[in-house]
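Visitor: The chain contents come next:
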Amino acid sequence: MAAPDTLSRTAPPSPGGLLRAILNTWRFARRHPTVVIGGGLLALIGLATLLAPWLSLHDPLEINPLARLRPPSADHWLGTDAVGRDLWSRTIHGGQVSLVIGIVVALLTTAVGLVLGLLSGYVRWLDAILMRFMDGLMSIPAILLAIALMAVAKASIVTVIVAITIVELPRVVRLVRSVVLSIREQPYVEAAIVVGSKTPRILVRHILPNTIAPLTVQATYICAAAILIESLLSFLGAGTPPEVPSWGNIMAQGRIYFQLAPWIILIPGVFLATTVLAINLVGDGLRDMLDPRFARRL
Amino acid sequence: MWAYVLRRILATFPVLAVVAFVVFSILHIAPGDPAAIIAGDQATPQQIEAIRASLGLDRPFHEQFLIYVGNVLQGDFGTSIFSGVPVTRLFWQRVEPTIALTITTTIVTLLLAIPLGVLAAWKAGSWIDRAVMSFAVLGFSFPVFVVGYMLIFVFSIQLGWLPIQGYRPLADGFWPFLRHLILPSLALGLSFMALIARITRASVLEVLSQDHIRTVRAKGVPTRGLLFDHALPNAAVPILTIVGVGVAILLGGVVVTESVFAIPGLGRLVVDAILHRDYPVIQGVLLIFSAVYVLVNLVVDLLYVVFDPRIRY
Chain A
1 MAAPDTLSRT APPSPGGLLR AILNTWRFAR RHPTVVIGGG LLALIGLATL
51 LAPWLSLHDP LEINPLARLR PPSADHWLGT DAVGRDLWSR TIHGGQVSLV
101 IGIVVALLTT AVGLVLGLLS GYVRWLDAIL MRFMDGLMSI PAILLAIALM
151 AVAKASIVTV IVAITIVELP RVVRLVRSVV LSIREQPYVE AAIVVGSKTP
201 RILVRHILPN TIAPLTVQAT YICAAAILIE SLLSFLGAGT PPEVPSWGNI
251 MAQGRIYFQL APWIILIPGV FLATTVLAIN LVGDGLRDML DPRFARRL
Chain B
1 MWAYVLRRIL ATFPVLAVVA FVVFSILHIA PGDPAAIIAG DQATPQQIEA
51 IRASLGLDRP FHEQFLIYVG NVLQGDFGTS IFSGVPVTRL FWQRVEPTIA
101 LTITTTIVTL LLAIPLGVLA AWKAGSWIDR AVMSFAVLGF SFPVFVVGYM
151 LIFVFSIQLG WLPIQGYRPL ADGFWPFLRH LILPSLALGL SFMALIARIT
201 RASVLEVLSQ DHIRTVRAKG VPTRGLLFDH ALPNAAVPIL TIVGVGVAIL
251 LGGVVVTESV FAIPGLGRLV VDAILHRDYP VIQGVLLIFS AVYVLVNLVV
301 DLLYVVFDPR IRY
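These protein sequences, in sequence, are chains A and B. Using the numbering used here, the letters of the first sequence map in sequence onto residues 1 to 298. Using the numbering used here, the letters of the second sequence map in sequence onto residues 1 to 313.
The hints are simulated quantities; they were obtained by calculation from the structure and are not laboratory data.
Calculated lysine to aspartate or glutamate pairs in the EDC-like style (CA-CA distance at most 16 angstroms, straight line):
no.	chain 1	residue 1	chain 2	residue 2
1	A	Lys154	B	Asp33
2	B	Lys123	B	Glu206
3	A	Lys154	A	Glu243
4	B	Lys219	B	Asp229
5	A	Lys154	B	Asp41
Generate the whole structure from the sequences, applying the supplied hints.
Guide: Written out as structure tokens, the structure is:
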């Protein structure tokens with residue numbers, strides 16, 4: 001999906017510093033359009049959610065029975081819900097919940113998955129147990145496993161994060177393990193062993209750096225998946241507590257009014273889909289950037 | 001070959017055992033007393049005790065697990081705490097809409113996604129290819145329920161062509177049955193379609209670059225025959241693999257789709273069970289869906305031998 005790499009070779013002799021910076025940015029954008037589009041969209045959404053307290057005209061929790069189910073207007077940019085709460089401020093505040101959950105799950109899954117994957121790739125007896133367990137976890141459809149975990153936990157942002165992390169973990173463990181298994185057969189690792197490097201040193205100095213590129217790509221996909229699963233869980237009533245204005249909750253509360261006020265569901269839905277799309281685009285772009293062999297295949 | 005088939009079949013047993021163990025343990029890894037969790041916040045100590053006794057939660061963990069597995073193997077998935085009905089009976093009451101939905105979705109998905117993927121591979125680099133690939137990225141990013149509501153908004157509310165929600169059993173006639181499944185199948189199938197179109201394109205593209213395809217072309221076989229009779233069968237193994245993996249998306253999506261379109265299937269059963277903390281029901285459906293997923297992937301692995309006779313293992 002990467003654009004043909006022509007500009008970098010026919011580059012004009014570089015003039016001043018600022019101009020060169022602009023040119024370099026332009027070249028980067030031409031070569032990796034998906035990263036730039038995805039990153040741009042993501043920056044916009046991130047900015048709107050970060051600045052939510054200043055960008056919203058109303059308190060996201062403020063109930064106004066006189067302004068129920070209003071369509072978008074000058075006072076309520078995106079309309080109001082069934083109890084008169086302003087949807088624009090609820091939606092941008094909801095973005096905070098989604099992005100925080102996405103980022104925390106991505107970091108947590110990567111960290112835990114990295115440790116388990118390294119152990120699994122290097123400790124034979126642990127590998128057998130751990131991988132059978134991961135196979136089992138992966139055989140349970142993700143959303144259902146998350147639902148079952150939430151069914152026994154108290155609804156809160158923390159439990160949602162833990163549940164989604166458990167669901168997404170096997171993918172990271174498998175990825176890290178496969179990298180370890182292929183790298184440990186490389187001549188330079190064998191050379192390090194011959195020279196007398198200890199296992200922890202080999203893991204940190206030789207194996208770990210090779211996992212960074214694929215893990216970064218995987219982490220972006222997990223971030224997108226986590227945002228999706230959170231909204232699904234909240235939509236089904238098994239996610240963040242209903243008083244939290246997350247996108248899934250806003251949509252769940254708009255369900256029975258869909259024919260009267262379709263915007264209550266459609267607006268957070270479009271925000272959700274755009275966010276996930278933006279993160280996936282960044283992920284695709286990173287994948288092509290970090291592994292050019294893959295770009296030609298998919 | 002038979003050795004491979006046998007080995008592959010035997011390999012599903014440990015996976016199913018781990019699935020059963022995970023599904024069973026979920027209730028026990030949660031902090032707190034499982035009986036109190038199921039009973040909910042307003043339960044009296046007597047109610048909690050009753051639940052503890054009825055689920056056998058007073059026995060040691062390994063004993064409980066063995067009893068549960070033994071019961072499941074005999075077709076007994078326990079009894080719903082909320083309705084007092086055996087989970088197996090609830091399952092049979094709700095299974096028809098879910099089977100109908102998954103089958104129509106799979107048919108729609110394969111009929112649309114595979115030709116799209118072949119087309120994109122054939123016209124690789126053109127605007128058609130780029131359009132198909134953009135559709136794939138979009139389709140993968142749009143959550144099932146957002147797509148579902150968008151479809152309802154356009155085709156049911158604005159245009160009035162299709163029913164908004166609900167389900168009609170096949171016994172009510174084929175057309176009413178199908179009319180109620182069109183939008184749910186499209187919503188549920190979108191991300192599955194995106195996945196399969198993408199992998200079809202990639203694997204057909206790889207086959208098209210091989211020597212035997214050039215020979216076929218030199219023989220004068222028309223393009224359609226070349227693509228569908230020669231290239232596609234050779235690209236079947238990766239496509240099949242992804243179809244198998246994608247069944248997980250389908251089974252998870254069923255839960256959401258059935259909620260959006262008010263279809264009284266197994267997905268609704270699970271969602272209602274969450275609200276009532278009806279753990280035996282959640283456990284049973286989780287186990288059945290996972291078993292279906294494992295078995296579908298077993299069939300996929302066995303089909304490799306049919307599609308690619310070189311695979312002998």
